[in-house]
Amino acid sequence: GESVGLHLPTLSVQEGDNSIINCAYSNSASDYFIWYKQESGKGPQFIIDIRSNMDKRQGQRVTVLLNKTVKHLSLQIAATQPGDSAVYFCAENRGYSTLTFGKGTMLLVSP
Amino acid sequence: KAGVTQTPRYLIKTRGQQVTLSCSPISGHRSVSWYQQTPGQGLQFLFEYFSETQRNKGNFPGRFSGRQFSNSRSEMNVSTLELGDSALYLCASSLEGTNYEQYFGPGTRLTVT
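Top line first, the protein sequences correspond to chains A and B.
Quick note: the first sequence uses this note's numbering, first residue 732, plus one each step.
Quick note: the second sequence uses this note's numbering, first residue 20, plus one each step.
With the rest of the complex left out, here is chain B (with noise of 0.2 Å):
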């Protein structure tokens, strides 16, 4: 079974900018989580979709936003990009939710200049 694909695996955008990120999950799964991971802060959980809901959403601003496709595939999306963003982006995805087995993708890596 493949596992979780993201794309792209890196990007570099300029400040102001907006920027779009996708994920597959296993094929499945239907519950994609995504994450933040910064030296400073470590891995932070963004939001979490469950067949096309948001059903959970972590501490971060409203730039960021997610949605999910019938096919269970996710994107999501960061507008108005600020150097903080800089950040290595995780997705997840498992068959039912965060309270079960979580696989992660390999990240798509993110500078902002």
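Extracted from the complex, chain A is given alone in its bound form (with noise of 0.2 Å):
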């Protein structure tokens, strides 16, 4: 497959455990944010967002928490799947209209 990134971060987990990926922002004028995931050979799928006024929003499996505080963005996925394996990219906007992605977090699931 296609790599989309050399010396990432990697995570490591057993199926079914909890996966918690991090991310670091920098700006403080940051107002919105989304995961997105990013599978060999495909383009990043939105996985799920938040907005500055939020500090907690869950979907499918997945929890995004944002601590503005510290300038933190974590997202969680439950019962973690063979199939979530994947590169993981958090994004914030800025407020001009760019997003800005991280450098990116490589999943691994072991069954």
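Calculated directly from the structure, the hints in this document are not laboratory data.
Just so we're clear, the structure is a prediction, and the values are computed from it rather than from any experiment.
Hints may be right or wrong, so weigh each one.
[What the hints assert, rightly or not] Subject to a maximum C-alpha distance of 20 Å in a straight line, what follows is the list of computed SDA-like cross-link-like pairs (lysine to any residue):
| no. | chain 1 | residue 1 | chain 2 | residue 2 |
| --- | --- | --- | --- | --- |
| 1 | A | 773 | B | 100 |
| 2 | A | 834 | B | 57 |
| 3 | A | 773 | B | 105 |
| 4 | A | 787 | A | 756 |
| 5 | B | 76 | A | 761 |
Both chains are given apart, each in its own frame, so use the hints to dock them into the complex.
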């Protein structure tokens, strides 16, 4: 498959575990945050988003937490499955109609 | 509803040539953004178009340009290709812009030799 990044931080978990992927952002003016999942050979797939007036948002098996005090974002995946193996990116909108992406974290789920 | 489509999926060009990539957004989406993805730099914003107007541009040289048509389809062009332009070029569409859910296409893999 295609490599979407070299020397990415990697999180290895067992199937059924909960996974937590972290992301730090630097701009306190950022008002919108998104998590994407990218599988090899595919474009990023939208997972969940959160706006700066919230600190938590839940989706199906996923939860995003936003801590504006320390400028930290996390993605929690419940009951991780092998199909969750991918590179996960956080992205922030800094209010200038552009998305700035983090470098990504590779999640490896073993059966 | 059909997703974002990009053509071609793969392209090999020679240094100095130019290339045009095409993106068809999700029906009803008026904003199209382009990104370059490389192993070294990750995902970087190129530009965003809304209703045929470029609203924002990333930090790329003028060799990178784009346009959007009245049906919201978009093209990007890279002139005088350099080896460093080899990358996955991704297009994303959304209803209104980058402050809303953006949906990505599969990308065009450009290789410059």
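A quick look at each hint next to the structure:
1. For the proposed pair residue 773 of chain A and residue 100 of chain B, the alpha carbon gap of about 24 Å is over 20 Å, so the pair is violated.
2. A C-alpha spacing of about 10 Å is found between residue 834 of chain A and residue 57 of chain B, which places the hinted pair at or below 20 Å, so the restraint holds.
3. Between residue 773 of chain A and residue 105 of chain B the CA atoms are separated by roughly 17 Å; this keeps the pair inside 20 Å, and the hint holds.
4. Taken as a hint, the residue 787 of chain A and residue 756 of chain A pair is honoured in the structure, with Cα atoms around 16 Å apart against an allowance of 20 Å.
5. For a cut-off of 20 Å, the pair hint linking residue 76 of chain B to residue 761 of chain A stands: about 18 Å separates their Cα positions.
The structure fails hint 1 only (numbered hints given earlier).
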